[in-house]
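Going down the list, the sequences are from chains A and B. Counting from 1203, one number per residue, gives the positions in the first sequence under the numbering used here. Counting from 1203, one number per residue, gives the positions in the second sequence under the numbering used here.
Since the hints were derived computationally from the structure, they do not count as laboratory data. Given the structure is predicted, the values throughout are model-derived calculations rather than measurements. A couple of the hints might just be wrong.
No distinction is drawn between identical chains; accordingly, a pair holds when it is met within one copy or between any pair of copies.
As the list claims (entries may be wrong) - Below, in silico cross-link-like pairs of lysine-lysine (BS3-like), each with a Cα-Cα straight-line distance of 30 Å or less:
# : residue 1 : residue 2
1 : K1508     : K1216
2 : K1494     : K1611
3 : K1494     : K1543
4 : K1570     : K1508
Protein chains: 2
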Amino acid sequence: MADDIHNNSKFKRKALQVNVAQSMISQYISVGETEMVTLQESHGRTLAQEISAPHPYPHFRRSGMDGYAIRSADTEGCSNDQSIWLQVIDEIPCGTVSDKTIIPGTAARIMTGAQVPEGADAVVMFEMTEIREDEGGSVVGLKRYIEIGKNLTPIGLELQAGELILSPGITISAGEISVLATFGIHHVAVYRRPRVAIFSTGSELLSVDEPLQPGKIRNSNTYMLASQVIEAGGEPVILDAIMDDLSLAREKVEEALHAYDMVVTSGGVSVGDFDIMGDLVRGDSVEMLYNKIAMRPGSVTTAAVKDGKLLFALSGNPGACFVGCELFVRPSIRGMMGDQKPYLTEWSGILGADYSKVNNFTRYVRGKTEIREGVVYAMPSGIDESGVMITIKDSDCLIVVPPGQQGMKSGDKVQMLMLR
Amino acid sequence: MADDIHNNSKFKRKALQVNVAQSMISQYISVGETEMVTLQESHGRTLAQEISAPHPYPHFRRSGMDGYAIRSADTEGCSNDQSIWLQVIDEIPCGTVSDKTIIPGTAARIMTGAQVPEGADAVVMFEMTEIREDEGGSVVGLKRYIEIGKNLTPIGLELQAGELILSPGITISAGEISVLATFGIHHVAVYRRPRVAIFSTGSELLSVDEPLQPGKIRNSNTYMLASQVIEAGGEPVILDAIMDDLSLAREKVEEALHAYDMVVTSGGVSVGDFDIMGDLVRGDSVEMLYNKIAMRPGSVTTAAVKDGKLLFALSGNPGACFVGCELFVRPSIRGMMGDQKPYLTEWSGILGADYSKVNNFTRYVRGKTEIREGVVYAMPSGIDESGVMITIKDSDCLIVVPPGQQGMKSGDKVQMLMLR
Chain A
1203 MADDIHNNSK
1213 FKRKALQVNV
1223 AQSMISQYIS
1233 VGETEMVTLQ
1243 ESHGRTLAQE
1253 ISAPHPYPHF
1263 RRSGMDGYAI
1273 RSADTEGCSN
1283 DQSIWLQVID
1293 EIPCGTVSDK
1303 TIIPGTAARI
1313 MTGAQVPEGA
1323 DAVVMFEMTE
1333 IREDEGGSVV
1343 GLKRYIEIGK
1353 NLTPIGLELQ
1363 AGELILSPGI
1373 TISAGEISVL
1383 ATFGIHHVAV
1393 YRRPRVAIFS
1403 TGSELLSVDE
1413 PLQPGKIRNS
1423 NTYMLASQVI
1433 EAGGEPVILD
1443 AIMDDLSLAR
1453 EKVEEALHAY
1463 DMVVTSGGVS
1473 VGDFDIMGDL
1483 VRGDSVEMLY
1493 NKIAMRPGSV
1503 TTAAVKDGKL
1513 LFALSGNPGA
1523 CFVGCELFVR
1533 PSIRGMMGDQ
1543 KPYLTEWSGI
1553 LGADYSKVNN
1563 FTRYVRGKTE
1573 IREGVVYAMP
1583 SGIDESGVMI
1593 TIKDSDCLIV
1603 VPPGQQGMKS
1613 GDKVQMLMLR
Chain B
1203 MADDIHNNSK
1213 FKRKALQVNV
1223 AQSMISQYIS
1233 VGETEMVTLQ
1243 ESHGRTLAQE
1253 ISAPHPYPHF
1263 RRSGMDGYAI
1273 RSADTEGCSN
1283 DQSIWLQVID
1293 EIPCGTVSDK
1303 TIIPGTAARI
1313 MTGAQVPEGA
1323 DAVVMFEMTE
1333 IREDEGGSVV
1343 GLKRYIEIGK
1353 NLTPIGLELQ
1363 AGELILSPGI
1373 TISAGEISVL
1383 ATFGIHHVAV
1393 YRRPRVAIFS
1403 TGSELLSVDE
1413 PLQPGKIRNS
1423 NTYMLASQVI
1433 EAGGEPVILD
1443 AIMDDLSLAR
1453 EKVEEALHAY
1463 DMVVTSGGVS
1473 VGDFDIMGDL
1483 VRGDSVEMLY
1493 NKIAMRPGSV
1503 TTAAVKDGKL
1513 LFALSGNPGA
1523 CFVGCELFVR
1533 PSIRGMMGDQ
1543 KPYLTEWSGI
1553 LGADYSKVNN
1563 FTRYVRGKTE
1573 IREGVVYAMP
1583 SGIDESGVMI
1593 TIKDSDCLIV
1603 VPPGQQGMKS
1613 GDKVQMLMLR
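So here's chain A without its partners, still in its complex pose (with noise of 0.2 Å):
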């Protein structure tokens, strides 16, 4: 059992940062298959076809209030002391069309919303006008001067035709939805959502249902990637952990990269005796493209790929098993449906308090992101070892320290990678 641990693969890897990581997974992602959803179901899926206006919006003259449609040029001055009166020679409610034209010396009570009659160029509120019956009908007083356009929403106010409105790889969410339900496209093409297997590995762990066992810890990382996976946008499917058994886990791994379109597991990548993922990149039955990233937590952060499909070997440790699903697994699935900015939204802000833990290696260090008058705080969220699980409900952003000497000082300047 004892090693010759400077001779050994395992203790000699090469560590890369992690946007040299990032890029080099980048060439692995191609944007994956698309399926069609009724508007209703496409909430939260990511839009898959280029969306532009069939025709103006609106695509007719607009009221903007119920009132009075009318020509402003009959309004000319008019005053308190002067007022005008139209005859009122249509009504025109929400949903219909006026066949008259507004002539000089008529307007048509129209309600908000409804188009504009011909002739008329202005629309007058109820509650500046007055309005009288004589023996020909109705007849509407004004005392002010009403200028052209006011209260009309003219056609292609918000978009002309032809105008592209929504791209590829975005999110739908109700503002996405409100333009694709006002252009009648009611099946939306979407990328499918790549299903990602999830496993953990290690001979400690304990499914989540059965009682706990000396020296064994209860199999999280799984139940938290497949969290992570879902706020992706991906769709997890859990398999069960594997004990440490190398032949085992190939098996496993070759089975569940043949069967889904991204293998993310946790565990089994340090240096230790029974580290079989960290054994299975390094053997022939995958190409490896990384099994050391220059970063905290997470440096045995490990990437390989067969057959095109991206295997990720993430540290078994909550924390950052957490980060490397973040900087490593989440852009994968977001790159899969076609996101042009599919990293974590990098802030600038300035750190809390002191922060003193000092590395050779970039430290991912979990936060949470307050806002006092105007100013972006990022707060560390207390312990932050890599073992350490329960801060990563308190963090809404990773707060990146990088390598150096000394600590950082509260008021320094930081960078920040917002989680939410």
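Starting from the structure of chain A, add chain B where the hints point.
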């Protein structure tokens, strides 16, 4: 058809401030039913139980490295010139518990995550050791003092038994799922998603799959609202749009209030001739809470209650409808799921462009957040008339412009309500 608008109740509405209306509504919100879901189904749901740690975490003294469990005292005085050699008396993979005790002069090979054996008080990593085989087995050599507790995570570092970890009303995501799995909580009590019936009113509405017709528009608000309801955690139920017919609307609203937890409508709340929702809430079938809010867009936003259930009658203008849903419907849904912070998160920021529109009502301007050098900028999204639909998709916040005689300038401090 002539109105005496000065005596007509639909023109004489008392405008409430947004926060007054919100607190009025909150009196009608009670926490809803709960249901059990599996851990895997719990992502995105709202927790309905208190979770305290049933045992300390970690629940055993855990090795933080692959290496050797030792007694710190044995390494006192050792240096590069003065190795000490310890007899390796056991090998401890993860998940197993050693029955040996580390006595002076001995060590146990141990893997990351494994239980540290009795007698040991530190772990030294492989990379700091050398191994020799002698007749009695392996001995491990060290050249440095290893302090007590090194690479050893004590019992309860993260959590003591009984410590409160999660409270009802939080949204379950990766970090929470990790906690639940760790403590073996494989079924979770969550709040049932409130079922929210949604319909639009207006004879101008085409269904989303109908061809365009002059003067008519497609019913987009219903789908937009459904998306907002999902985002808030509710379950939308889309009902058929209602033509401008008061008695039909009254019947449909009553049916929906009976069958669902909440009803949201769009359209028909202005002062026009066919504003049936406005007429309906002024009638006897429901108890009106308010029908005017001192805000733009959406001043006609209306709420009523019947048999303890809330009816929100929102403006038919897309922008006003969107804002009304975020300010009133969303917190009602969140409140029914025990969320202690049901309202949109408030941020402070710097207005990124002049905003010249003024009003005697508070204005909720759709905007986009930009972070520059750690400072939050709120950029108005463009045309934000209440009838405008297109900018909803480009917005991640509502910029709060207080009532006043003059507009706001680029560089002014503003309050923002965060949409995402």
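Structure-based check of each hint:
For the identical chains of this complex, K1508 and K1216 are intra-copy neighbours only, at 21 Å inside a copy versus 68 Å across copies, given an alpha-carbon limit of 30 Å. Only within a single protomer do K1494 and K1611 lie at most 30 Å apart by alpha-carbon distance; the minimum there is 28 Å, versus 50 Å between protomers. For the identical chains of this complex, K1494 and K1543 are intra-copy neighbours only, at 25 Å inside a copy versus 41 Å across copies, given an alpha-carbon limit of 30 Å. Neither within a single protomer nor between protomers do K1570 and K1508 lie at most 30 Å apart by alpha-carbon distance, with minima of 37 Å and 41 Å respectively.
Checked against the numbered hints listed earlier, the structure breaks hint 4 alone; every other hint is satisfied.
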